[in-house]
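Make the full structure from the sequences, and use the hints.
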Amino acid sequence: MGDEVTDYFENYLEKDSLFRNKAVLSSNHLPEEIKHRDDQLNQVAKIIAPCLRNEKPSNLFVYGKTGTGKTLAIKHTKDKLEKIAETKKIPLKIIYLNCKLKRIADTEYRLVAELARHFGKNIPATGLPTDEVYNIFFKALESDTKQIILVILDEIDQLIRKAGDEIIYNLTRINSELKNTQISIIGISNDLLFVNNLDPRVRSSLSEEELIFPPYNALQIQDILRARARDAFKEGCIDAGVIEKCSAFAAREHGDARRALELLRVSGELAERNNQERIRIEHLDEAEEKIERDRIIDAVKSQPKQFQAVLYSLLSIMQNKKEPLFTGEIYEQYKQFCPDAGLRPLTQRRVSDIIAELDMLGVINAKVISKGRFGRTREISTPLSSSIKVKMMKLTKDELSA
DNA sequence: CACCGTTCAGTTGAACTAAGCAACGGAATTCGG
DNA sequence: GAATTCCGTTGCTTAGTTCAACTGAACGGTGGA
0 MGDEVTDYFE
10 NYLEKDSLFR
20 NKAVLSSNHL
30 PEEIKHRDDQ
40 LNQVAKIIAP
50 CLRNEKPSNL
60 FVYGKTGTGK
70 TLAIKHTKDK
80 LEKIAETKKI
90 PLKIIYLNCK
100 LKRIADTEYR
110 LVAELARHFG
120 KNIPATGLPT
130 DEVYNIFFKA
140 LESDTKQIIL
150 VILDEIDQLI
160 RKAGDEIIYN
170 LTRINSELKN
180 TQISIIGISN
190 DLLFVNNLDP
200 RVRSSLSEEE
210 LIFPPYNALQ
220 IQDILRARAR
230 DAFKEGCIDA
240 GVIEKCSAFA
250 AREHGDARRA
260 LELLRVSGEL
270 AERNNQERIR
280 IEHLDEAEEK
290 IERDRIIDAV
300 KSQPKQFQAV
310 LYSLLSIMQN
320 KKEPLFTGEI
330 YEQYKQFCPD
340 AGLRPLTQRR
350 VSDIIAELDM
360 LGVINAKVIS
370 KGRFGRTREI
380 STPLSSSIKV
390 KMMKLTKDEL
400 SA
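Using numbering that gives the first Met the number 0, the first residue of the first sequence is number 0, and each one after it goes up by one.
Keep in mind the hints are simulated off the structure, nothing from the lab. These numbers come from a predicted model, not from an experiment. The C-beta atom is built at its ideal place from N, Cα and C for all residues, glycine as well. Check before you lean on any hint, since a few could be wrong.
[Unchecked claim] Listed next, with one range per pair, are the computed distances between beta-carbon atoms:
#1 ASN273 / GLU31: 28 to 34 Å
#2 TYR11 / MET359: 36 to 42 Å
#3 HIS28 / GLU243: 18 to 24 Å
#4 GLU13 / LYS45: 49 to 55 Å
#5 ASN20 / GLY361: 27 to 33 Å
[Unchecked claim] Cut-off 25 Å, straight-line C-alpha distance, at most; resulting in silico cross-link-like pairs (SDA-like, lysine to any residue):
#6 LYS120 / VAL150
#7 LYS45 / GLU85
#8 LYS77 / ALA139
Here's what the structure looks like:
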């Protein structure tokens, strides 16, 4: 047995990797050239250019589905802008924050604290009044010379849904309170409708300029994939048709380029792992399943114990019962299970919220339905294949007993 | 059969509480002269 | 007597709880054809 492993390692070393540079395929890689987004890039440039002359640019609101290059385009512009600002000694500070990251920027307090940290202030995670944090932030911003701050809030819809829209209002307030510092906000959102339920004042100030990123079509994705694949893989190790199929997959899913890239990367990894010299179409299917599995497992892993306990209960019911499940049964099971895991059971109110959040994560599908005289509940099913379910049961169980 | 009020099992929103943290300020301790 | 450390108090955020209002379609009854 041991020899097999040794052999494998030796083989592994001798064998050439299929990849030339795997990083090119990762979703946070910034390519030199962004394809099929010229219009948007130009627009962004036009809108934020004034900050090079030390004037406050308009606030910008960018939306488009996932994987349409929003973040990429903005980051790209940010880099260029920073470079120019540096060489020309323009006092410009750009801060990029992803509001979706829990515990970083998902409440008003945490957001402002995080902003202040970018200015070298140390802000505790809790204990201070929010006003105080604003004050610290203001102080940090105050300066004798004119300067422009550009705050990029990625996935801003998540932030506002959780913490209300006053944040934006408060941030824009800074402009009137500080003489020499002006702050502009660039909001990025996946949700096209989310602007509609915003306070009109906030709405008009946030979206002084708007920019829409349409989904890529299959041909554009192909183009992008080809370009990246050229850098990422060694010559001639992709079967004909792989790129085409990959982009067709992605185009079907509302033109999500990120997904296409990930698919390609994972296919490459799988091919390599199986000691193949080329990436075949079969690898794509396999990759698709693996991605889904990894995504969900990652999502679950990073959740608190109570989440996992709820999920575990849910899955264990699902083992001996056909879908759909209802909140009541899950709560009962969960209550029974809690002592085993050494957890204090939460109230149903909270569990109800947890189920809603699991739904958001895409681990389960939950829909509120009315069962007529038999009340109202969430109807819960899961999009997962049974192999993932088994894996997840194991995972949650391990995490809970650890 | 169509219409309508009732009913149930959660959902959802709002107000409230406990836990954990930081800052503040006064009391206790230490220290050098 | 001054400087430093310690400790209790106050006021904050956040996760979770409690309370209560709300929901929406199936059930079962009613009346009309």
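Hint check:
| no. | hint | verdict |
| --- | --- | --- |
| 1 | ASN273 / GLU31: 28 to 34 Å | holds, 32 Å |
| 2 | TYR11 / MET359: 36 to 42 Å | holds, 39 Å |
| 3 | HIS28 / GLU243: 18 to 24 Å | holds, 22 Å |
| 4 | GLU13 / LYS45: 49 to 55 Å | holds, 53 Å |
| 5 | ASN20 / GLY361: 27 to 33 Å | holds, 30 Å |
| 6 | LYS120 / VAL150 | holds, 17 Å |
| 7 | LYS45 / GLU85 | holds, 19 Å |
| 8 | LYS77 / ALA139 | holds, 22 Å |
This entry satisfies every hint, going by the numbered hints stated previously.
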